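Residue numbers (this note's numbering), protein chains in the order written: chain A, 1 to 471; chain B, 1 to 292.
These are calculated hints, taken from the structure and not from any lab test.
Since the model is a prediction, treat every value here as computed from it, not as a measurement.
Glycine residues also receive a C-beta, built at the ideal position from the N, C-alpha and C atoms.
Please note: incorrect hints may appear among the correct ones.
[To be verified] In silico DSS-like links for lysine-lysine, alpha-carbon gap of 25 Å or less: (1) K264/A - K464/A; (2) K258/A - K185/A; (3) K212/A - K228/A; (4) K154/A - K384/A; (5) K154/A - K404/A; (6) K208/A - K290/A; (7) K219/A - K231/A; (8) K208/A - K185/A; (9) K141/B - K284/A; (10) K154/A - K233/A; (11) K228/A - K64/B; (12) K141/B - K290/A; (13) K55/B - K290/A; (14) K208/A - K141/B; (15) K404/A - K417/A; (16) K154/A - K464/A; (17) K212/A - K404/A; (18) K64/B - K464/A; (19) K258/A - K471/A; (20) K141/B - K464/A; (21) K309/A - K154/A; (22) K185/A - K309/A; (23) K404/A - K384/A; (24) K417/A - K219/A; (25) K55/B - K471/A; (26) K233/A - K64/B; (27) K208/A - K228/A; (28) K208/A - K231/A; (29) K231/A - K141/B; (30) K154/A - K55/B; (31) K309/A - K64/B; (32) K219/A - K208/A; (33) K231/A - K154/A; (34) K309/A - K212/A; (35) K185/A - K212/A.
[To be verified] A few chain A residues facing chain B, derived, Cβ under 7 Å: (36) K212; (37) K290; (38) R299; (39) F401; (40) Q445.
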Amino acid sequence: MNKKRLFLIVSLLTLASMILSACAPQATQAPQEPQVVVETQVVRETQIVEQTKVVEKIVEVTPTPGPNPEAVIEGVEPNAEISLWTFWLSPTFDDYIQSTIARFESTYPGVKVTWADHQATFLDDYRNSFAAGTAPDVANLSDTEGWVREFATKDLLLSMSDNLPQSVIDQYFPGLFNLQLVNGKSYQVPWYQAISIELINNQIYGEKAGLKVEDFPTKYYDLAPLCKTIKEKTGTLCDIRLTVTDLLRDMAYQGGVKVMTDGKFTFDSPEAATWLQWYVDLVKANLVDKTALVTDQDRVGLEIFTSGKAAFYQTGPQLIREVRASNPGLYGYLAAVPLPAGVSGATAPTSMAMSVKKDTKFPKASLALAVFFTNPRSQLEFSKIVGIYPSTPASYDDPFFTVKPVAIEESVRPLAKDLISVQADIMPEIPQFQEVNQIVLDAVQQALFNNVPAQQALSDAVAKANALIGK
Amino acid sequence: MTKKFSLTPYFFLAPALLVIAVFIFYPIAAVVYYSFTDYDIVTPPQWIGLQNYIKLVQDPTFWKALTNSFIYLIATPTVIVLSIVLAIVVNRNLRGIHMFRALYYIPAVSGSIAIGIAWRWMFDAQGGLLNGFLVWLGVLKEPLQWLAEPAYTLPIAMLLTIWMGLGYYALIFLAGLQNIPEELYDAALIDGCNNFQKHWYISLPGLRPQIVFVGVISSLAAIEVFNEVFILTNRTGGVLDSALTMVFYIWRQAFRFSDAGYGSALAIVLLVITLAFSIINIRVQERGLETD
Chain A
1 MNKKRLFLIV SLLTLASMIL SACAPQATQA PQEPQVVVET QVVRETQIVE
51 QTKVVEKIVE VTPTPGPNPE AVIEGVEPNA EISLWTFWLS PTFDDYIQST
101 IARFESTYPG VKVTWADHQA TFLDDYRNSF AAGTAPDVAN LSDTEGWVRE
151 FATKDLLLSM SDNLPQSVID QYFPGLFNLQ LVNGKSYQVP WYQAISIELI
201 NNQIYGEKAG LKVEDFPTKY YDLAPLCKTI KEKTGTLCDI RLTVTDLLRD
251 MAYQGGVKVM TDGKFTFDSP EAATWLQWYV DLVKANLVDK TALVTDQDRV
301 GLEIFTSGKA AFYQTGPQLI REVRASNPGL YGYLAAVPLP AGVSGATAPT
351 SMAMSVKKDT KFPKASLALA VFFTNPRSQL EFSKIVGIYP STPASYDDPF
401 FTVKPVAIEE SVRPLAKDLI SVQADIMPEI PQFQEVNQIV LDAVQQALFN
451 NVPAQQALSD AVAKANALIG K
Chain B
1 MTKKFSLTPY FFLAPALLVI AVFIFYPIAA VVYYSFTDYD IVTPPQWIGL
51 QNYIKLVQDP TFWKALTNSF IYLIATPTVI VLSIVLAIVV NRNLRGIHMF
101 RALYYIPAVS GSIAIGIAWR WMFDAQGGLL NGFLVWLGVL KEPLQWLAEP
151 AYTLPIAMLL TIWMGLGYYA LIFLAGLQNI PEELYDAALI DGCNNFQKHW
201 YISLPGLRPQ IVFVGVISSL AAIEVFNEVF ILTNRTGGVL DSALTMVFYI
251 WRQAFRFSDA GYGSALAIVL LVITLAFSII NIRVQERGLE TD
């Protein structure tokens, strides 16, 4: 049985081997038959291929006005680094200034602005900076204090009339762009405006003196009887300030005095004598705080009012925040009324401006910055932070200016556009301004404190001033 | 015999000389130059020769400022007398005397601006301490505007200067008094001197070097006064320039009216005056020491 099984296994293995070998591929290739190969030939046209060269070239990209409506100055110098000085805005408005600068830098890519705020010593610092050759490219100058004219007459500022496109000039109220003209040209773009008001301390004015806010005088010269009443009823002195840095301006607006005629000084007219005598009478009757009357710093009068020692004070609504900060108890007693009109009927602008130094390395960038800070959008944003008023009519299109005011700081807001639009400089250009003002100041002080008759003091001053300018 | 030249001393002197040259000699030279120019700080100076000096002689405000500065010198003998008295008062061993000495010295270490503001409040027309007191006493019917009255502004500024200097000068005299031998006072007592005579015949002669020293520095300080006037008059110089002093006038011309050329001429005049003062004082001091 074992033999049979062994035979069967061997037979099956042999069969399987035969089957497997029949199915397996041939181990060696069979001899090939001759093949016919058909070749396809493609004929191409000859092509000239230019080799690309890598050329290094600096392409200057000038930040030109693009779609950004605030980029209104063309040809701004690339990579300009310019400096800006503001007057007494830090730290309260740091965020506003910095964000406006950031927006400016993104509007004019590549331009960098360095900002510094100067306060009580601004004017000295600015003068010294010219002497040291480090004057800022753009500076926030006061029109009201005559700073623009001072530096423009020394040929240190860039003429805005000559260097700005008409479309930019047209964005400002004309009366404000044409402030402080020198040889018929403007050296500033008007920035924020203050609308002077009479701020009333009702604790003295209403409660102690028994007066009504609505009866506050509407004529400047009517302030004298009011001061008398207040002194008699409360023992309080009036806090009135002469603009000792520009007395001819006070004469012109308050007294309706024509200070120059045909190039000669004429501020000894009967109107001028009336104006000076009005102050003399106030001083002689001991109705005014004499320290405030003849100081050259508005803050002296403001401090007297803020400390609750005055019934009223002429100031801007933007300074109410200082009253609130320094004497919160007084804030609740405040009322505001329009400024009494002077004989001229005109309202003197209280204007801050932006000016550009003449020898700036980057005139276009500097002009762009001055215009940017004073454009309708920037000024509108500033107005929303503090009670200042734009010099650009377009800013007033915002509903912000039509909303009914709530706080006293906002009381003149709905009237602001009308009031600002009619403000204008009625002053002629005064030759040798500083010296002439000193002559007038001496005359005014002689009349106020040394018993020199008003008419005589003014006539002497006119003679001196005309001699000074060779007339 | 010839001395050998050595660079070493000059080497040691150089840093100090350099500082003095930069901060003293150069500014003086510059001011001398500017005094002959029309210079408004912001534009380059223009040579005008002696015009500023001619203008100065004809300028009544200059004479007023000069007069006021000389009037201010009254502060010098006043402060000397008062500080000697104060030094004598505090030169004794009483309980708490150190505290008094420190209190009198406080004005000397306080800022003149802060003191000026405090004084302005004291003389304020409305709510001022002095007015309140005088009205309460019945001396005044109504408050007086002290700092706006031409007759009072300069005396108030002088009073402030005296008050501020009193503690400092008293300290100098106190040191002098403590150097006077006690035996001299004992001898005077034995000789029958009363208190006044004791100080008249012993303390005062003993304090001669301190008196001369205080005389020099306080007169120079008086003639160069600025801060007190600046603060008390709200930087106006007072109504009718009643408190206008030379340094204030220099500042006003140079920095308010931008007439640095004229301001420089005024400064040169003041420099000559202070130099003359210093020389006179030093001569007096030398003569006094020789006599001693």
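Hint-by-hint comparison with the structure:
With a CA separation close to 11 Å, the supplied pair K264/A and K464/A stays within the 25 Å bound. Restraint check for K258/A and K185/A: satisfied, since their Cα atoms lie roughly 22 Å apart, inside the 25 Å limit. Between K212/A and K228/A the CA atoms are separated by roughly 15 Å; this keeps the pair inside 25 Å, and the hint holds. Between K154/A and K384/A the CA atoms are separated by roughly 36 Å; this puts the pair beyond 25 Å, and the hint is violated.
For the proposed pair K154/A and K404/A, the alpha carbon gap of about 45 Å is over 25 Å, so the pair is violated. For the hint pairing K208/A with K290/A, the CA-to-CA distance comes to about 22 Å; that is within 25 Å, so the pair holds. Note on K219/A and K231/A: the hinted pairing holds, with a Cα-Cα distance of about 19 Å set against a maximum of 25 Å. Note on K208/A and K185/A: the hinted pairing is violated, with a Cα-Cα distance of about 51 Å set against a maximum of 25 Å.
For the given pair, K141/B sits about 16 Å from K284/A by alpha-carbon distance, which is consistent with the 25 Å threshold. A distance of roughly 51 Å separates the Cα atoms of K154/A and K233/A; the hinted pair therefore is violated under the 25 Å criterion. Pair hint K228/A plus K64/B does not hold up; C-alpha atoms about 35 Å apart against a cutoff of 25 Å. For the suggested pair K141/B and K290/A, the alpha carbons sit about 18 Å apart, so the restraint of at most 25 Å is met.
In summary, the hint linking K55/B to K290/A is not supported, as the alpha carbons are separated by about 31 Å, beyond the 25 Å threshold. Only pairs whose Cα atoms come within 25 Å are accepted, and K208/A paired with K141/B is accepted, the gap being roughly 20 Å. Straight-line distance between C-alpha atoms of K404/A and K417/A comes to about 14 Å, which keeps the hinted pair within the 25 Å bound. Straight-line distance between C-alpha atoms of K154/A and K464/A comes to about 23 Å, which keeps the hinted pair within the 25 Å bound.
For the proposed pair K212/A and K404/A, the alpha carbon gap of about 23 Å is at most 25 Å, so the pair holds. A hinted pair counts as satisfied when its Cα atoms are at most 25 Å apart, and K64/B with K464/A qualifies at roughly 19 Å. Proximity of K258/A to K471/A is assessed by CA-CA distance (about 17 Å); at most 25 Å being required, the pair is judged to hold. Taking the CA atoms of K141/B and K464/A, the gap is about 41 Å. The hint is violated against a cut of 25 Å.
Distance check on the hinted pair: K309/A and K154/A sit about 41 Å apart at the alpha-carbon level, beyond 25 Å; violated. The straight-line distance between the Cα atoms of K185/A and K309/A is roughly 43 Å, outside the 25 Å bound, and the hint therefore fails. For the hint linking K404/A to K384/A, the alpha-carbon distance of about 14 Å falls within 25 Å, and the restraint holds. Of the supplied pair hints, the one linking K417/A and K219/A holds, its CA atoms being roughly 22 Å apart against a limit of 25 Å.
Taking the CA atoms of K55/B and K471/A, the gap is about 20 Å. The hint holds against a cut of 25 Å. Distance check on the hinted pair: K233/A and K64/B sit about 40 Å apart at the alpha-carbon level, beyond 25 Å; violated. Of the supplied pair hints, the one linking K208/A and K228/A holds, its CA atoms being roughly 14 Å apart against a limit of 25 Å. Restraint check for K208/A and K231/A: the C-alpha separation of about 11 Å stays at or below 25 Å, so the hint holds.
The suggested pairing of K231/A with K141/B holds, with an alpha-carbon distance near 14 Å, which does not exceed 25 Å. Between K154/A and K55/B the alpha-carbon distance is near 23 Å, which keeps this suggested pair within the 25 Å criterion. The suggested pairing of K309/A with K64/B is violated, with an alpha-carbon distance near 34 Å, which exceeds 25 Å. Only pairs whose Cα atoms come within 25 Å are accepted, and K219/A paired with K208/A is accepted, the gap being roughly 23 Å.
Only pairs whose Cα atoms come within 25 Å are accepted, and K231/A paired with K154/A is rejected, the gap being roughly 46 Å. Distance restraint check for K309/A and K212/A: the Cα-Cα separation of roughly 18 Å lies within the 25 Å cut-off, and the hinted pair is therefore satisfied. About 45 Å separates the Cα atoms of K185/A and K212/A, which puts this hinted pair outside 25 Å; it is violated. Of the supplied interface hints, the one on K212/A is violated, with its beta-carbon coming no nearer than about 24 Å to a beta-carbon of chain B, more than 7 Å.
The interface hint given for K290/A is met, as the beta carbon of that residue sits about 3 Å from the closest beta carbon of chain B, less than 7 Å. A hinted interface residue such as R299/A counts as satisfied when its beta carbon comes closer than 7 Å to some beta carbon of chain B; here the least separation is about 9 Å, so the hint is violated. The criterion of a C-beta within 7 Å of any C-beta in chain B is not met by F401/A, whose closest approach is roughly 37 Å, and the hint is violated. The closest approach between the C-beta of Q445/A and any C-beta of chain B is roughly 5 Å, which is under the 7 Å cut-off, so the hint is satisfied.
Hint compliance for this structure: hints 4, 5, 8, 10, 11, 13, 20, 21, 22, 26, 31, 33, 35, 36, 38, 39 are broken, all remaining hints hold.
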